[in-house]
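K.L.:
If you count by numbering that gives the first Met the number 0, then the sequence shown holds residues 0 to 104, one letter each, in order.
No lab work stands behind these hints: they were computed from the structure.
Fair warning: this is a prediction, and the values are worked out from it, not measured in the lab.
Misleading hints may appear alongside valid ones.
For each label pair, taking beta carbons as the anchor points, the in silico distance ranges come out as [unchecked claim]:
#, residue 1, residue 2, range
1, 62, 97, 43 to 53 Å
2, 73, 49, 23 to 33 Å
3, 64, 103, 51 to 61 Å
4, 83, 39, 47 to 57 Å
5, 64, 40, 25 to 35 Å
6, 77, 50, 24 to 34 Å
7, 46, 66, 20 to 30 Å
8, 89, 44, 49 to 59 Å
9, 63, 89, 21 to 31 Å
10, 92, 47, 50 to 60 Å
11, 41, 76, 39 to 49 Å
Cβ atoms here follow ideal geometry from the backbone N, Cα and C, with glycine treated the same way.
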Amino acid sequence: MLTSVDAAPEPRVSAAKPQPQVQQPAAEAPSESIVSRETAAATRAPLEALTRMMIKPESNSDGTLEGLVREMLRPMLREWIDANLPHMVEDMVAREIAKIMNQQP
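Using the sequences plus the hints, can you model the full thing?
P.N.:
This is the structure in structure tokens:
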């Protein structure tokens, strides 16, 4: 006969560990800007004026950085072409004429 001492030990049930509670985000509240509309409107005009002062697109320019660089480089490129293109063309034509002349019997 089995007594309580001789009986098979009852399986130990471990105490349930408390799970950390993860807070679910509340329904998203409408996002509010850190700056009020009035303040944004009051600061927009001076900033736009500053922008217009710093970047003055030409009337025929597209107003981009690429367009600004293109307009700045145009006079330098024109000067270089004026100084070098005639000599380059003369040299190339002379070489081609020499090739043609050397190929004739």
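K.L.:
With reference to the structure, classify each hint as holding or not holding.
P.N.:
Hint by hint, here is what the structure shows:
1. Between residue 62 and residue 97 the beta carbon distance is about 49 Å. The supplied range of 43 to 53 Å therefore holds.
2. Checked against the given bound of 23 to 33 Å, the beta carbons of residue 73 and residue 49, roughly 27 Å apart, stay inside it.
3. Range check, residue 64 to residue 103: Cβ separation about 54 Å, and the 51 to 61 Å hint holds.
4. Between residue 83 and residue 39 the beta carbons are some 53 Å apart, a value that agrees with the proposed interval 47 to 57 Å.
5. The hint said 25 to 35 Å for the Cβ distance between residue 64 and residue 40, and at roughly 28 Å that hint holds.
6. Distance hint check: the CB atoms of residue 77 and residue 50 are about 30 Å apart, consistent with the given range 24 to 34 Å.
7. Here the CB-CB span from residue 46 to residue 66 is close to 22 Å, well matched to the stated 20 to 30 Å.
8. In this structure, residue 89 and residue 44 meet the distance hint of 49 to 59 Å, their C-beta atoms being roughly 58 Å apart.
9. The given range of 21 to 31 Å is broken by residue 63 and residue 89, whose C-beta atoms sit roughly 38 Å from each other.
10. As the Cβ distance of residue 92 to residue 47 is approximately 54 Å, the hint placing it in 50 to 60 Å holds.
11. The beta-carbon spacing between residue 41 and residue 76, approximately 44 Å, falls within the hinted interval of 39 to 49 Å.
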